[in-house]
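Asks: As a plain string of letters, each chain reads:
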Amino acid sequence: ANSSRPFLSSHQMKVKVLSRNPDDYVRETKLDIQRVPRNYDPALHPFEVPREYTRALNATKLERVFAKPFLASLDGHRDGVNCMAKHTKSLSTLLSGSCDGEVKVWNLTKRECVRTLQAHEGFVRGMVVRFCGNSFFTVGDDKTIKQWKMEAPGYGEEEEPLNTILGKTVFTGLDHHQKEGVFATCGQQVDIWDEQRSSPIRSFTWGVDSFSSVRFNPVETELLASCASDRSIVLYDMRESTPLKKVIMNLRSNTICWNPMEAYYFTCSNEDYNLYTYDMRHLDRPVIVHMDHVSAVLDIDYSPTGKEFVSASFDKTIRIFPRDSGHSREVYHTKRMQHVICIKWSADNKYILSGSDEMNIRMWKANAAEKLGVLSPREREAVNYNQKLKEKFQHHPQIRRISRHRHLPKAIYSQAKELRVMKEARRRKEINVRKHSKPGTVPVVSEKEKHIVTVVK
Amino acid sequence: MLRYIILLQFVFEDCTWHFISMSCHMHKLTSGTGRATVEPVKAGMFMFNYKLIPCKKKKKKKKRASDPFPGPAPLPEERLQKFKRREKSKLPNRKRRKLRDVVARSEVVSEMAQKRAAQFDLLLPEEAGFLEGDEDEDTCMISQEDIAEAVDITSGAKYFNLNLSQFGPYRLDYSRTGRHLLLGGRRGHVACLDWQSKQLMCEMNVMESVNDVKWLHSESMYAVAQKKWLYIYDSKGIELHCIRKFNDVLCMQFLPYHFLLATASATGFLQYLDVSVGKEIAAICTKAGRLDVMCQNPHNAIIHLGHSNGTVTLWSPNQKEALVKMLCHQGGVRSVAVDKTGTYMVTSGMDKKLKVYDIRAFKPLQSYFLPAGASCLSLSHKGLLSAATGDIVQVSVSFPPYSMTKPYMAHRVRGTVWGLHFCPFEDVLGVGHGDGFTSMLVPGAGEPNFDGLDANPYRSSKQRQEWEVKALLEKIQPELISLDPDQLCHVDQASYEQKHKERVQALGFDPLAKEKFIPKLKKKGRSSSGNVERRKRQVAHEDQRVSSLDHHQERKKEALSGLRSALDRFKK
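Residue numbers (this note's numbering), protein chains in the order written: chain A, 1 to 457; chain B, 1 to 572.
Hints in this document: simulated from the structure, not taken from any laboratory. Backbone N, C-alpha and C fix where the C-beta goes; we use that ideal spot for every residue, glycine too. Heads up, a few of these hints could be off.
Stated by the list, open to error - The calculated DSS-like cross-link candidates involving lysine-lysine, where the alpha carbons are at most 25 Å apart (straight line), are: (1) B:470 <-> A:61; (2) B:90 <-> A:390; (3) A:392 <-> B:90; (4) B:90 <-> A:388; (5) B:499 <-> A:423; (6) A:392 <-> B:88; (7) A:86 <-> A:179; (8) A:371 <-> B:470; (9) B:95 <-> A:392; (10) A:448 <-> B:98; (11) A:435 <-> B:499; (12) B:470 <-> A:30; (13) A:423 <-> B:501; (14) A:68 <-> A:86; (15) A:429 <-> B:501; (16) B:382 <-> A:392; (17) A:14 <-> B:382; (18) B:98 <-> A:390; (19) B:84 <-> A:392; (20) B:95 <-> A:307; (21) A:388 <-> B:115; (22) A:245 <-> B:520; (23) B:514 <-> A:448.
Said to hold, decoys possible - Have a look at the derived ranges for each label pair, beta carbon to beta carbon: (24) A:199 <-> B:100: 46 to 56 Å; (25) A:48 <-> B:556: 33 to 43 Å; (26) A:385 <-> B:64: 33 to 43 Å; (27) A:116 <-> B:506: 24 to 34 Å; (28) A:454 <-> B:489: 27 to 37 Å; (29) B:365 <-> A:397: 50 to 60 Å; (30) A:385 <-> B:276: 19 to 29 Å; (31) B:94 <-> A:76: 53 to 63 Å; (32) B:91 <-> A:454: 48 to 58 Å; (33) B:537 <-> A:385: 51 to 61 Å; (34) A:397 <-> B:100: 20 to 30 Å; (35) B:112 <-> A:91: 32 to 42 Å.
Said to hold, decoys possible - Incomplete in silico selection of chain A near chain B, CB under 7 Å: (36) 36; (37) 40; (38) 53.
Isolated chain A (complex conformation) (with noise of 0.2 Å):
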């Protein structure tokens, strides 16, 4: 406070000069932390954005050495995995049935398997945990759909279904209502059953065709929609008598899963590579291919945030999707991952669970990056301060390529580059067509119209 004050002398003049006093800007004893007086001056702080974009590069580099997304493999079946449900209360808890139709609830917290029931003969083919979670349903090769309970039996009591319907064909996928006791199955047509009756409450058919896989909307809780191997896609309501509308596309859909969050959006895993998000509203174009996999897709799953997506495919990787891009944002592959048959995304947006050819089941982290366990609080300010540094250099060629570059196993790599390659040939044909021709009598044909044959009402 002295040092303050201007001082006087014979000469009257005032004058000041910079006196700290170093106990202000010193700690007192060991034992507390140092002092850290700030001045948020830009003056004090030159070439601002080179040091941030230095920080942003060194956090994206950081970034590529964490990533390490493996973290469990559960193994257990004997047989591929065929399909997986998530529990509907329990985080911990998945369920995946097999090729051989052995049924397994897996810990996921403990890594281990809890319990295994021999559901079906011949493979299970779609499995569903009720709204409630105390019970689940499968269905299987030997044309049965099954109720089982979700405890264990106890000591000494043989492991039964609480319920059995004997169907007349296959069935090839289920899904369960959001609230009601009502489920729908798939195969040579899509029933919706009553859980109370033992026939189907309602049938619907469009042609002769099969279905290979059926979901409810989330929201809209009536609505339904499947894929045919007629290569259509069929949406349905459930109170109505028969379908609501179909697109016919180039090639097969395999499955289909519904947006969470913004539930008029579906995404739709193809044969030909690629996924497609369609609004139900328009099926005449899709709103966005989605391209990188380099063999037919074989499952999708959303994450309960609506903003991304992730795909199963037999070319043995899997991939991430944010909702609103054409491209993946990771690939994930180990060397002894087989053709990935069925994903799920945990309930918590924390990890990605897939069930692959080969009779494992591999738990990734959806963040590859991210550390798990809870982080103190500078921890968690440090990785948001990254992050936002991150988003704001992203566009940076340097930036951009350090956090794009993947490793790819050498067949996918090779044959991406044989598909891009044929790719270019096909456009630049159509280009030399278009400049030979009449104006106007070759039409440019976008992506995004280019897979769909028709829509019928």
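We have chain A already, so just place chain B on it with the hints.
Replies: Just chain B, lined up with the frame of chain A:
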């Protein structure tokens, strides 16, 4: 069950409180006498006989006084201006809704950050120094002894002389925190000291001539340009490196955020040494003869060199030619200095002139004639200009227009001045001269409030180590040195246009082009071919009108701003 009957008479102020604190229930509580059953959780049943005489509550009509200064404290406009990074960006078209949202949100955030920083300014602990004379007394007539006598003891001790007549004249350098001083005598004497506590860290004679001395990133290392080679010593005086790639160095500058040591040599070479990895980054032949005038622009890390033909040239390590050449003086250039914000450049020449330039626009602002000519120049954090004319050091008030005819302070030292440096974060000017070193008090020269994470004069060794790691991690690459340091955050319009052109060529059509208008088929017989044609034409005309309007407005703007003259219409 036990039953206790207790006769009690209570005088309650607030009966509910008592019973709740006993955690039991009471039924039908009314004023007057009566009986109440109370059931504690475990102990069975109590029975009370009570009499309630509720006290009259004081009327606590404490009206909440309305805030005489509602809302957040107002911020003065100039303080907000200080933290302004750039102009508000224009929101994009309504059609690009997502981008518009992102831009609007980031705008809000940056505005908030600006406000917060401006509010924080109130809490800064120190205020800048000043010197005011008596009425009709010039501040330049006040002697250093008087000032040292008037101020407190610690500040007074900052005025001192070191009589080193044997090995002078002396060059000097202060470390970035302002705690440490490095002295280099022409005849080989090198000393570094903690000048505030006057503790000598090391002292030696290198036994050959010393041209310049410079601290590196911290006070643990410094560079000495000796007769032949460049040497690096640590604070104990142990020779760490002798760099034979750097010969005949005359002056040096250290770029702290890039970890680059820039040297100018007698052979006309400007060389950059990366001190973090010990590699030569660039060696530029300036083809301008002996280089003995040098300074750096602390705002953008550009090196300014003064030449004997009166030009000042600007250099970056990324280009073999000078970025800018300015003819500043009619004789040779004697000294150059650039202020902290990179706005002003001050030069002095053999023509005895001292000139001030706006270095952003490369325009001269001021020119004076100094009878003796200034041999050394230095600018302080707060913008004070000091100039050495012979053995007199003059300090002029901050920021142009400087007044050299009536300086702020003046001081005569005992030999010709050889080096001149303001101490960072202190009101001190260090003068190296033929007879040693003088530390002068210049009130109001230094920045009063330092930033603890950037340059902390009071940091402990642990803090210094931590800072060093952080600073090395965010070392700026030399490729990023350019005239505008903020260039990285601008949109690269040129290469975008180039890319777009290439894309159009590859695709065979423009993917961003406006779609051609196709009139919708309207029902009820309104879509006769004539109608459709009319609608098409209407849209086409509208487009034409918009584009011609834009063109017209542009021309109007040009005419108003004076860029376009009446004769321009005859241009082809």
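Asks: Taking the numbered hints from earlier one at a time, note which ones the structure violates and give those numbers from smallest to largest.
Replies: Numbers 16, 27, 28, 29 and 32 - these are the hints that the structure violates, sorted from lowest upward.
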